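Take these sequences, add in the hints, and give me the full structure.
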Amino acid sequence: MFVSARKRLFFLFISSLLLLLLAPSDGSSNSTANLNQSHKKTGRTLEMTPKVLFQIKLHALFHWSSFGFLMPVGIILARMSSKSKSGRSIRVLFYCHVISQIAAVLLATGGAALSLMNFENSFSNSHQRVGLALYGFMWLQPLIGFFRPERGVKVRSLWYFLHWLLGIAICATGITNVYIGLHTYHERTTKSVKLWTGLLTFELSLLLFFYLLIDRWSYMMKQGNAPIEQLRPTDNRKTYPTTLRKELGMVQE
Numbered sequence: 024m025f026v027s028a029r030k031r032l033f034f035l036f037i038s039s040l041l042l043l044l045l046a047p048s049d050g051s052s053n054s055t056a057n058l059n060q061s062h063k064k065t066g067r068t069l070e071m072t073p074k075v076l077f078q079i080k081l082h083a084l085f086h087w088s089s090f091g092f093l094m095p096v097g098i099i100l101a102r103m104s105s106k107s108k109s110g111r112s113i114r115v116l117f118y119c120h121v122i123s124q125i126a127a128v129l130l131a132t133g134g135a136a137l138s139l140m141n142f143e144n145s146f147s148n149s150h151q152r153v154g155l156a157l158y159g160f161m162w163l164q165p166l167i168g169f170f171r172p173e174r175g176v177k178v179r180s181l182w183y184f185l186h187w188l189l190g191i192a193i194c195a196t197g198i199t200n201v202y203i204g205l206h207t208y209h210e211r212t213t214k215s216v217k218l219w220t221g222l223l224t225f226e227l228s229l230l231l232f233f234y235l236l237i238d239r240w241s242y243m244m245k246q247g248n249a250p251i252e253q254l255r256p257t258d259n260r261k262t263y264p265t266t267l268r269k270e271l272g273m274v275q276e
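For the working numbering, count along the sequence shown from 1 and bump the result up by 23.
By construction, these hints were calculated from the structure, which means they are not laboratory data.
Because the structure is a prediction, the values reported are computed rather than measured.
Heads up, a few of these hints could be off.
What the hints assert, rightly or not - With a Cα cut of at most 20 Å, we get these calculated DMTMM-like pairs of lysine to aspartate or glutamate: (1) 80 x 143; (2) 74 x 143; (3) 80 x 226; (4) 108 x 210; (5) 106 x 226; (6) 80 x 238.
Pasting the structure below:
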């Protein structure tokens, strides 16, 4: 049953990806022409039409939601499932992890399709080059996740390490590219991005804090509980470990 559910999720992911890539885009040639003409006239500063400006903001929103939110949340969910002791909680967290990562890949794919169909793509800057490499690894990661070996198989440990390492690398690179994109937007439009950079940093700091808190939460909760064995005070008002008290009792006898 679990394997069939995994196959259904895989086919759903592939179908959504194909529909997103094949979706038509109106006025893509006009938007590209506007970008190229503006760039030729003003150099690095672009005088953008409202439509082009909206498409750029939509592209940024897709990637922010994908790399800056859903992917880190998916990593946190996977971390929580590894710490959970309830079988039901582990399954729920696992499926939430899968859904969040599929949504992240689809949003990033939508941002990529929007960029390829409407913007100038000479790949002459870091944002475009990093993004192109990122998309390839991003589409590879869910395939690795869907075709994971069963527990108990020897290659499971190697698979887990590669899946974990690639996921962390994609998320970190994607977040970095969002920052690069904000900087590129500022360079080409002269519009301030300090507010958006600050909001992104604040959000990621909260997610990082929560990720680190998961490891220490159970230990922190135990700090308020009384110790299992209460130590008995002696006449000189000193306490001794349990083993030492036993030794003292044997000597007195």
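Cross-check of the supplied hints:
1. 80 x 143: holds (15 Å)
2. 74 x 143: Holds, because 15 Å separates the two Cα atoms, which is no more than 20 Å.
3. 80 x 226: holds (19 Å)
4. 108 x 210: violated (50 Å)
5. 106 x 226: violated (23 Å)
6. 80 x 238: Violated, because 36 Å separates the two Cα atoms, which is more than 20 Å.
Checked against the numbered hints above, the structure breaks hints 4, 5 and 6 and satisfies the rest.
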